[in-house]
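Engineer: Residue-level listing of the chains:
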Amino acid sequence: MSSSGNHSLRTEPRRSAPLPIRDRSWLKLLPALVVIVPLFAAALMLAVIQSLGYFPLVGMRSFNLDAYRSLLGNGEFWQSLLLSTRIAFTVALLSTVLGIAMALGIRKIWRESRRLGFLFQLNLPIPHVIGALAMVHLLGQSGLIARLGHAAGVIEAASEFPALVYDPFALGIVAELLWKDVPFIAIIALGVLGTVAEDYESVAASLGASSRQRLRHVTLPLLVPAVAPASVIVFAFAFGSFEVPLLLGESFPSALPVLAYRLHTNVDLSVRPEAMALAVVMSIVVMVTAVLYLILVRRVLRREQP
Amino acid sequence: MGSRIAFVLIVVAILFPLVPLVIHSFARGYVFPQLLPAEWSTRAWRIVLATDGGTWNALRWSVVVAVAVTALSLLVALPAGRALGLRAFRGKRVLEFLVLTPLLVPAVAVAIGLDITFIRLGLSGTFWGVVLVHLIPATPYAVLVLAGVFANYDADLEAQARTLGASPLNVFRHVTMPAIKPGLIIAGFFAFIVSWSQYVLTLQIGGGKVLTLPVLLVSTASGGDVAITGALTIVSALPVVVLLGLASRHVVRAGLGTTGT
Numbered sequence: 001m002s003s004s005g006n007h008s009l010r011t012e013p014r015r016s017a018p019l020p021i022r023d024r025s026w027l028k029l030l031p032a033l034v035v036i037v038p039l040f041a042a043a044l045m046l047a048v049i050q051s052l053g054y055f056p057l058v059g060m061r062s063f064n065l066d067a068y069r070s071l072l073g074n075g076e077f078w079q080s081l082l083l084s085t086r087i088a089f090t091v092a093l094l095s096t097v098l099g100i101a102m103a104l105g106i107r108k109i110w111r112e113s114r115r116l117g118f119l120f121q122l123n124l125p126i127p128h129v130i131g132a133l134a135m136v137h138l139l140g141q142s143g144l145i146a147r148l149g150h151a152a153g154v155i156e157a158a159s160e161f162p163a164l165v166y167d168p169f170a171l172g173i174v175a176e177l178l179w180k181d182v183p184f185i186a187i188i189a190l191g192v193l194g195t196v197a198e199d200y201e202s203v204a205a206s207l208g209a210s211s212r213q214r215l216r217h218v219t220l221p222l223l224v225p226a227v228a229p230a231s232v233i234v235f236a237f238a239f240g241s242f243e244v245p246l247l248l249g250e251s252f253p254s255a256l257p258v259l260a261y262r263l264h265t266n267v268d269l270s271v272r273p274e275a276m277a278l279a280v281v282m283s284i285v286v287m288v289t290a291v292l293y294l295i296l297v298r299r300v301l302r303r304e305q306p
Numbered sequence: 001m002g003s004r005i006a007f008v009l010i011v012v013a014i015l016f017p018l019v020p021l022v023i024h025s026f027a028r029g030y031v032f033p034q035l036l037p038a039e040w041s042t043r044a045w046r047i048v049l050a051t052d053g054g055t056w057n058a059l060r061w062s063v064v065v066a067v068a069v070t071a072l073s074l075l076v077a078l079p080a081g082r083a084l085g086l087r088a089f090r091g092k093r094v095l096e097f098l099v100l101t102p103l104l105v106p107a108v109a110v111a112i113g114l115d116i117t118f119i120r121l122g123l124s125g126t127f128w129g130v131v132l133v134h135l136i137p138a139t140p141y142a143v144l145v146l147a148g149v150f151a152n153y154d155a156d157l158e159a160q161a162r163t164l165g166a167s168p169l170n171v172f173r174h175v176t177m178p179a180i181k182p183g184l185i186i187a188g189f190f191a192f193i194v195s196w197s198q199y200v201l202t203l204q205i206g207g208g209k210v211l212t213l214p215v216l217l218v219s220t221a222s223g224g225d226v227a228i229t230g231a232l233t234i235v236s237a238l239p240v241v242v243l244l245g246l247a248s249r250h251v252v253r254a255g256l257g258t259t260g261t
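Listed in order, the protein sequences are those of chains A and B.
Every letter in the first sequence is one number past the one before it in our numbering, and letter 2, counting from 1, is 2.
Every letter in the second sequence is one number past the one before it in our numbering, and letter 154, counting from 1, is 154.
Same shape as in the complex, but just chain B (with noise of 0.2 Å):
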């Protein structure tokens, strides 16, 4: 069937290119025009994961920045969501596009244009520092997903939990928050991969000092040794990708892309 054809090419066209970064990971001189190595070797991943090797100390850079980053991006997306998706109001269209100008201006003219003041302000090469710089492009995501959860939102299930004798933090608790609940798991997703992504922000700001796995993978990728290179993509893929596997049955309910905004 031509849908079953077509289902097989686009997994290839998906998987196909990360192909041959894993068989350099396991490769010992894996050169043109060799289709599969030689030898295989394990060098490279037992470099990779040594425990006094940076990978650990990326990876910790990444999962620490990552967390607090989808932490204050929902704090502060769940009420904007909420507002956007709930109700029309005059100027919203104009508040829409303003949370999402962070997402059409290119990241390397916010990097460059706060690169002073931050070294003035002391947040240069902090945690903090690349913490704050990740929320701008984080939370549009973040926003954008929640005001779409909000738009098929009944509201008025609060109003009545309300009437029969809920306090706020209990219609908070066992109304809003399981029927928003897809929508928030996929709205901080958005949020942890955006900030795992980052590269000339964290560069920038985290001058050398905030060590990413992005930002170790093209030095090491410069470095030229194409299976450390190989060992060092692979680790800094599969915890979004294991992310996303926990995440992903929620993207088909929570409606992502319903939004219309």
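So here's chain A without its partners, still in its complex pose (with noise of 0.2 Å):
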């Protein structure tokens, strides 16, 4: 706005590296932390507080420990808590597996045509609610491949078909994340693929290491630590997510996120603060997996370099 003549002779030319020594630049992030920290951290202490039997509006003022109490006493809460980390656990490995593989499967496909590129991120945008009501229909008992099923003569009945939702194994909330994340895993990896690592690849190849020394030693570790932390997105994603299970899952046991759902709207007010120990307990469940797990990964990446 101001004449720029001027500006330009205060201007001292800036070195982005090294660093100097009074660094400013966490001041910007503040407009993202005062966004993210306040509603945030409101969220989790507002919890915390009620969980603790701080609930006014029904005459509760005391701090106690009694949610949690009846909470870790309650049958379903382990149930549910055990059903919850197999489905994150499981869709986190298997996504992170498969996503690996098949982000070098089609790496080459990706590269050179980007109109196919775009029928591998096809889903990406879509909302897991759609998702999980597809999936209702494709392995329902009436779903799309019981229909199959029958028309290759497998099944007579409907009720012959396996019980591929709303079942007790999860198959069908198991199945909808990985259709969701072994894409997005494949397209974090691939974003790495494309870039760094083809130099690095075709240095080895020209030094004579074969193609699986290559995946070994350098494909691999430059893969992790960008599909490290996304993993862990999935993770907490698979073990947080609520419509998901809603749609997909039992009623008995619930994942935890429905489980908390249905404490919260309970019209017994009283078990307000048991919905709200169990939001604190899944947020630190989560949170303390997380951590280890990047611990690890970090751990495993150091002991790769010589």
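Treat the hints as calculated values from the structure; they're not laboratory data.
Using N, Cα and C, we set each Cβ at its ideal position, and we do this for glycine too.
Be careful, since some hints might not be right.
Unchecked claim - DEER-style ranges, computed between Cβ atoms: (1) Gly53(B) <-> Val196(A): 48 to 58 Å; (2) Trp128(B) <-> Ser159(A): 46 to 56 Å; (3) Leu72(A) <-> Leu36(B): 51 to 61 Å; (4) Pro56(A) <-> Gly29(B): 52 to 62 Å; (5) Leu30(A) <-> Ala88(B): 16 to 26 Å; (6) Ser206(A) <-> Leu246(B): 36 to 46 Å; (7) Ile5(B) <-> Arg111(A): 14 to 24 Å.
To be verified - Derived contacts from chain A toward chain B, CB cut-off under 8 Å, selection only: (8) Ile130; (9) His137; (10) Trp179; (11) Ala279; (12) Leu292.
Make one complex out of these two single chains by using the hints.
Structural biologist: As structure tokens, then:
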């Protein structure tokens, strides 16, 4: 806005590296933190306060651990915890392995054709609500696969088709989450494969490394730093997903987020602290798992380096 | 060739689950064990697209909320992504993790934690209330993508432009902006689809007043008319798939996933 000539005289060329001693870069994070922290921290703090039994709306003003005690004494909580943990680990593990495999399998096509690349990303923006409804009508007992089974003469009636949704093994939930998350991991991996990995791979090849050695010692170590945080996000999402188990899960035991919502919307307001306690427990489980996992990944990576 | 077979299998795995919903939306009395419906019909589509139906209202809610969330999250993510991507500084790892934590904590926990306070503040059941809670999961994605962009960005160009006499505004317009534009589009795209997909945050904070497409979709599905549900899923998916088509040519170039955080 002001005359630019004067400004330029006063401007000293800045160097982006090495670092200035008094770096104020963190200040730039303030706007984002101002949005995220108060809202998000407030949500968690409020959940903690209410979980301790402070809930003036129904005349509860004391602080105690009753909600946690009754939650931990609740058999359904443990079953739900087991279910959600199993779903999250299965989905995180399978989507990481399959996602990397998918990326390696399609990297050539991805590089060559934009239009085909579009197909791989197609379900990336599609909401989980839609994915879950799609699985109901794909995997359900009168779904398309059951109909194909009937047409092939494998089953006679819908009831003969194995329960793949609302089932005790949560297969429908896992299927939906994998449907979304395998391409997600693959796209993250493809980002690395298309940029950094190529150069290092060709160097390794020219130094005489076999394709297997290149995969083991060049490609995979390059993929891990980008894929690891993505798989943590997948784990956290699978653990905390609400609409997917709501639409595809058994009613008992339900996944933890569904249980939390059910407790929260219970007509009996006195169980609300229990819902809040569950929200706190879920958050702690995810955070601790994420931190442990990222520490583990860093250890493994450090050992890789000579 | 092996890669060709892999390609076909993957595309089928991605597209096939959506087929039943599409068939249902054009079918009348499509019951087991019919592979294709005995009778085709546009009944569900006429109901879903009716001008007085809830679809257009839900579409409008979804769009205005997602646009507001996209704009606000880009605004706050731009400086944050720049700081995280461009420089190393003390405490960076902690701040990175702080920015990411909203992606780790279950949305249900946030939704029920804020419930009573949002009611007290008068934010429950309002547009701004829903936009605010959508920012919680949307902002981290925008920051992540932009941090990746700035990691490959040469800030010296800005200093050079300034030395040559460009004003800060002109530097931003002619140097910074062209360099980060693809990344900005991807970051905006992510923020948009994160908002577009939210269910439980909208349900809890929107209090039945902010009826976005996912909320309408679940209540329609529980109504049991599969044809109408099918048509509504297509209406809900189409806008973001088109957006993806517009944004996808930038995905590869933006180097998504090279953030290495």
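Engineer: Give a verdict on every hint.
Structural biologist: Going down the list of hints, with the structure as the test:
Taking 48 to 58 Å as the suggested C-beta distance range, the pair Gly53(B) and Val196(A) conforms, at roughly 50 Å. Between Trp128(B) and Ser159(A) the CB atoms are about 49 Å apart, so this pair conforms to the stated range of 46 to 56 Å. Between Leu72(A) and Leu36(B) the Cβ separation comes to about 52 Å, which falls inside the hinted range of 51 to 61 Å. The beta-carbon spacing between Pro56(A) and Gly29(B), approximately 54 Å, falls within the hinted interval of 52 to 62 Å.
A beta carbon spacing of about 18 Å between Leu30(A) and Ala88(B) agrees with the range 16 to 26 Å that was offered as a hint. The beta-carbon spacing between Ser206(A) and Leu246(B), approximately 40 Å, falls within the hinted interval of 36 to 46 Å. Between Ile5(B) and Arg111(A) the CB atoms are about 18 Å apart, so this pair conforms to the stated range of 14 to 24 Å. Because the closest C-beta pair between Ile130(A) and chain B is about 5 Å apart, less than 8 Å, the hint holds.
At a threshold of 8 Å, the smallest CB-CB gap from His137(A) to chain B is about 4 Å, leaving the interface hint in force. The interface hint given for Trp179(A) is met, as the beta carbon of that residue sits about 6 Å from the closest beta carbon of chain B, less than 8 Å. A hinted interface residue such as Ala279(A) counts as satisfied when its beta carbon comes closer than 8 Å to some beta carbon of chain B; here the least separation is about 4 Å, so the hint holds. For Leu292(A), the interface hint is violated, the least distance from its beta-carbon to any beta-carbon of chain B being 12 Å, above 8 Å.
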